[in-house]
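Participant: Sequence:
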Amino acid sequence: MDELETAFFHKLFERIKQLEPSTKKEKLLIKALVISEMAGLGCSEEIVDKLVENRKETEERFSYNKAV
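Residue numbers (the working numbering): 41 to 108.
What the hints contain is simulated information worked out from the structure, not anything from laboratory work.
All C-beta atoms, glycine included, are put in the ideal place defined by N, C-alpha and C.
Below, computed lysine to any residue pairings styled on SDA-like, alpha-carbon distance capped at 20 Å:
#1 K65 x V92
#2 K90 x G80
#3 K57 x A47
#4 K96 x S62
#5 K64 x S84
#6 K64 x T98
#7 K67 x R55
Simulated restraints on C-beta separations:
#8 L44 x E97: 31 to 39 Å
#9 E85 x R55: 17 to 25 Å
#10 G80 x S103: 34 to 42 Å
I would like the entire structure built from these sequences, with the hints used as guidance.
Facilitator: Take a look at the structure:
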C-alpha cells in the first residue's frame, strides 16, 4: 500500500472504532483485519482487541435486554 492508501485505512479504522457495538461493527472490523494482514500494516493486534471488546459489549447489551 502506498502512503495515501495507508492513511485512508487508518482514518477508516478510526471511524469504525467510534461505532456503537454491533454485528455491523464486527463485520467491518473483520474486513479491516483482513486488509491489515494483506497489506502488512501491523494493526492486527489492535483490531483483534477491538473485535473482542465489541463482542463482549454486544453480548452484555443482549443479555441486559433479555433480562429486562
